[in-house]
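Chemist: Letter by letter, the chains look like this.
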Amino acid sequence: MNSFSTISELVSMAKENHSDISEIVLSSEAQRMQKDKEEIFNTMSHRLTVMRNSVEKGRKNYNYSISKMVGTNASSFDSFISKNTYLGGMVEKAICYALSVSEVNACMGLVVACPTAGSCGILPGAVLSVSEEMNLPDEKIVLSMFTAAGIGMVIGNNATLAGAVGGCQAECGSASAMAAAAVLELMGGGPDQVGHAVALALKNCLGLVCDPVAGLVEVPCVKRNAFGAVHALVAAELALAGIESVIPPDEVILASYEIGRLMPKSLKETSEAGLAKTPTGKKIESMMNS
Amino acid sequence: MESVFDIIGPIMIGPSSSHTAGALKLANMARAILGDTPTEVKVNLYGSFAKTYKGHGSDRAIAAGFLGFSTEDERIPEAISIAAKKGVKINFVPSNKPVDHPNTLEFEMVDKSGLKIIVQGISIGGGNVIIKKIDNYEVNLTGNYEALIVGHKDYPGIIAKITQVISSKNINIAYMYVSRLERGKDAMMTIETDDYISTDIYSTLSSLPDLNLVKIIHRL
Ligand code: SF4
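If you read the protein sequences in the order shown, they are chains A and B.
First residue of the first sequence: 6, per the numbering used here; consecutive thereafter.
First residue of the second sequence: 147, per the numbering used here; consecutive thereafter.
This is chain A alone, in the form it adopts within the complex (with noise of 0.2 Å):
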């Protein structure tokens, strides 16, 4: 067994050993880790357990962030979808998780970054709702986690996970392609078509800029991660259902890297531009400085 740096190669060293992608990620851990693969199973299933219990919190929270931007969405979206729907369960599940999650980081409450902690409601978000919509069992579930650190390992080693360096592409368009892996392999997808899952997720991420409100993680990032996490069910649906991303994944994850180098570093998290710097921006920037 031996490492993996792009996708191509994550996906047919899958292909060889006639496993799935969580297989090859989890066993090149063990190995670079030196230790067994229970026990770094057993690592994954800890961070799961965590979670879940900030989706848990976070539903049920009725107070704000410190800047009172945000707090109390996943909890009306929560009452909202107990006695309406419009979009249907999983979409509308993945949408209650990633936001309450999210927003219990906001609010400083104990979360699992993912890959980073602005983006850490996209991945629990969709892979929670399509398991208990699609009624997998736990160890499904902490499997495809392995699939989407594999992807985030590659993201970060071939371009960039931090908002500052490549804009919110790199934070919560990685994150949706990690997802978009993780569900793909949770409806039971193979190793190809979580390729085409995370291009297709991560180019429809490409220029996203990263311009939060007074240079806090809650404005645009708590509803951005209600919408990467939907964005994600849609890439692995696509990519279920056959449909390939023309340009593969390897080259998408350079580009976004690219673009993320070609992005002003006023829409790189300096809030020097964009939604920062709208008169409603400043005037609660101002609001927090005084």
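Be aware that a few hints might be false.
Calculated lysine to aspartate or glutamate pairs in the EDC-like style (CA-CA distance at most 20 Å, straight line) [what the hints assert, rightly or not]: (1) B:K200 - B:D152; (2) A:K62 - A:E137; (3) A:K88 - A:E137; (4) B:K200 - A:E277; (5) A:K42 - B:D152; (6) A:K73 - B:E224; (7) B:K197 - A:E61; (8) A:K40 - B:D340; (9) A:K42 - B:E148; (10) A:K88 - A:E61; (11) A:K62 - B:E218; (12) A:K73 - B:D205; (13) A:K40 - B:D341; (14) A:K62 - B:D219; (15) A:K40 - B:D152; (16) A:K42 - A:E144; (17) A:K65 - B:E220; (18) B:K235 - B:D205; (19) B:K243 - A:E277; (20) B:K299 - B:D332; (21) B:K232 - B:E254; (22) B:K279 - B:D300; (23) B:K243 - B:E254; (24) B:K231 - B:D205; (25) B:K307 - B:D346; (26) A:K62 - A:E97; (27) A:K62 - B:E220; (28) A:K40 - B:E148.
So, partial list: chain A residues that the calculated Cβ filter (under 8 Å) puts toward chain B [said to hold, decoys possible]: (29) M49; (30) R52; (31) V109; (32) G114; (33) L115; (34) V116; (35) V117; (36) M150; (37) P284; (38) G286.
Honestly, the hints are just simulated from the structure, not real lab data.
Glycine included, every Cβ here is placed at the ideal spot set by N, Cα and C.
With chain A fixed as given, assemble chain B with the ligand onto it according to the hints.
Modeler: Chain B with the ligand only, in chain A's frame:
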């Protein structure tokens, strides 16, 4: 990105890995350098910390760091009042003085014996931090390793003597950094090691002359 748990992780109190978790870690390391919980701290906040510390809860995280809480501790939001109850006085001072790194913090700490130490550090993203300065000495401490800080007189052979003591304990040195103010005067060595450093190194090192400070900073 070496591990899947760098991607799905860390487990942390939000909202920001650099401004919350990173700020806590810097305060935690500063406390270890002081050797005790400070009774009084002036926290100078620079760059983006000066602008966003309230909204990111950096002030609460810093208080939590001085109390020795971990980045997963759910008491972090209440850390300022917990610190006040324990008699730790913390004063937050945002500053617009230009700094090299946009996420810089400086702690002016005093302990109950009156000892005063100033520690400066930066939060470099993803919860990773570096302590850059202890009083006037340039250092480089990441908290990712076990570390030993030794203040000593600058004269030929002293570094070898200190490293000999370390290797005699079967401790492998990963990184080492020596900084002095002036030739032949006081100097400071920071040594990051792979292996655990236990407190018996204090007594072994105390046999060496001309050391004025020895501190173990455990891995975070
Ligand atoms: S907008 Fe910026 S701070 Fe918010 S989630 Fe995206 S990258 Fe992170």
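Chemist: Indicate, hint by hint, whether the structure satisfies it.
Modeler: How the hints compare with the structure:
Between K200 (chain B) and D152 (chain B), the direct Cα distance comes to roughly 27 Å. Violation of the 20 Å bound is thereby established for this hinted pair. Distance restraint check for K62 (chain A) and E137 (chain A): the Cα-Cα separation of roughly 18 Å lies within the 20 Å cut-off, and the hinted pair is therefore satisfied. A threshold of 20 Å between alpha carbons decides the hint, and for K88 (chain A) with E137 (chain A) the separation of about 19 Å falls inside it, so the pair holds. Taking the CA atoms of K200 (chain B) and E277 (chain A), the gap is about 18 Å. The hint holds against a cut of 20 Å.
Taking the CA atoms of K42 (chain A) and D152 (chain B), the gap is near 17 Å; set against the 20 Å cutoff, the hint holds. For the suggested pair K73 (chain A) and E224 (chain B), the alpha carbons sit about 17 Å apart, so the restraint of at most 20 Å is met. As the CA atoms of K197 (chain B) and E61 (chain A) are separated by approximately 32 Å, the hinted pair breaks the 20 Å bound. Of the supplied pair hints, the one linking K40 (chain A) and D340 (chain B) holds, its CA atoms being roughly 18 Å apart against a limit of 20 Å.
Under the criterion of a C-alpha separation no larger than 20 Å, the hint pairing K42 (chain A) with E148 (chain B) is consistent with the structure, at around 16 Å. Distance hint between K88 (chain A) and E61 (chain A) is fulfilled; the C-alpha atoms sit about 18 Å from each other, no more than 20 Å. The straight-line distance between the Cα atoms of K62 (chain A) and E218 (chain B) is roughly 15 Å, inside the 20 Å bound, and the hint therefore holds. Distance restraint check for K73 (chain A) and D205 (chain B): the Cα-Cα separation of roughly 17 Å lies within the 20 Å cut-off, and the hinted pair is therefore satisfied.
Taking the CA atoms of K40 (chain A) and D341 (chain B), the gap is near 18 Å; set against the 20 Å cutoff, the hint holds. About 15 Å separates the Cα atoms of K62 (chain A) and D219 (chain B), which keeps this hinted pair within 20 Å; it holds. Restraint check for K40 (chain A) and D152 (chain B): the C-alpha separation of about 16 Å stays at or below 20 Å, so the hint holds. Note on K42 (chain A) and E144 (chain A): the hinted pairing holds, with a Cα-Cα distance of about 13 Å set against a maximum of 20 Å.
Simply put, K65 (chain A) and E220 (chain B) have alpha-carbon atoms about 17 Å apart, close enough for the 20 Å limit, and the pair holds. Only pairs whose Cα atoms come within 20 Å are accepted, and K235 (chain B) paired with D205 (chain B) is accepted, the gap being roughly 12 Å. Under the criterion of a C-alpha separation no larger than 20 Å, the hint pairing K243 (chain B) with E277 (chain A) is consistent with the structure, at around 19 Å. In summary, the hint linking K299 (chain B) to D332 (chain B) is supported, as the alpha carbons are separated by about 5 Å, within the 20 Å threshold.
Distance check on the hinted pair: K232 (chain B) and E254 (chain B) sit about 18 Å apart at the alpha-carbon level, within 20 Å; holds. Taking the CA atoms of K279 (chain B) and D300 (chain B), the gap is near 18 Å; set against the 20 Å cutoff, the hint holds. The suggested pairing of K243 (chain B) with E254 (chain B) holds, with an alpha-carbon distance near 16 Å, which does not exceed 20 Å. At roughly 16 Å between alpha-carbon atoms, K231 (chain B) and D205 (chain B) fall within 20 Å of each other, so this suggested pair holds.
Between K307 (chain B) and D346 (chain B) the CA atoms are separated by roughly 17 Å; this keeps the pair inside 20 Å, and the hint holds. Among the hinted pairs, K62 (chain A) with E97 (chain A) is consistent with the structure: their alpha-carbon atoms are about 17 Å apart, no more than 20 Å. Between the alpha carbons of K62 (chain A) and E220 (chain B) the distance comes to roughly 13 Å, so the proposed pair stays at or under 20 Å and holds. This hinted pair checks out: K40 (chain A) and E148 (chain B) have alpha carbons roughly 14 Å apart, not beyond 20 Å.
A least Cβ separation of about 7 Å between M49 (chain A) and chain B falls short of the 8 Å threshold, and the interface hint therefore holds. Hint status for R52 (chain A): holds, given a least beta-carbon distance of 6 Å to chain B, under 8 Å. Hint on V109 (chain A) holds. Least Cβ distance to chain B is approximately 7 Å, under the 8 Å limit. The closest approach between the C-beta of G114 (chain A) and any C-beta of chain B is roughly 6 Å, which is under the 8 Å cut-off, so the hint is satisfied.
A least Cβ separation of about 6 Å between L115 (chain A) and chain B falls short of the 8 Å threshold, and the interface hint therefore holds. Interface hint status for V116 (chain A): upheld, as the beta-carbon distance to the closest one in chain B is roughly 5 Å, under 8 Å. At a threshold of 8 Å, the smallest CB-CB gap from V117 (chain A) to chain B is about 5 Å, leaving the interface hint in force. The restraint placing M150 (chain A) at the interface with chain B holds, with a minimum CB-CB distance near 6 Å, inside the 8 Å limit.
About 19 Å separates the beta-carbon of P284 (chain A) from the nearest beta-carbon of chain B, more than 8 Å, and the hint is not met. Because the smallest distance between the Cβ of G286 (chain A) and any Cβ of chain B comes to about 13 Å, over 8 Å, the interface hint for this residue is violated.
In summary, the numbered hints that this structure violates are 1, 7, 37 and 38.
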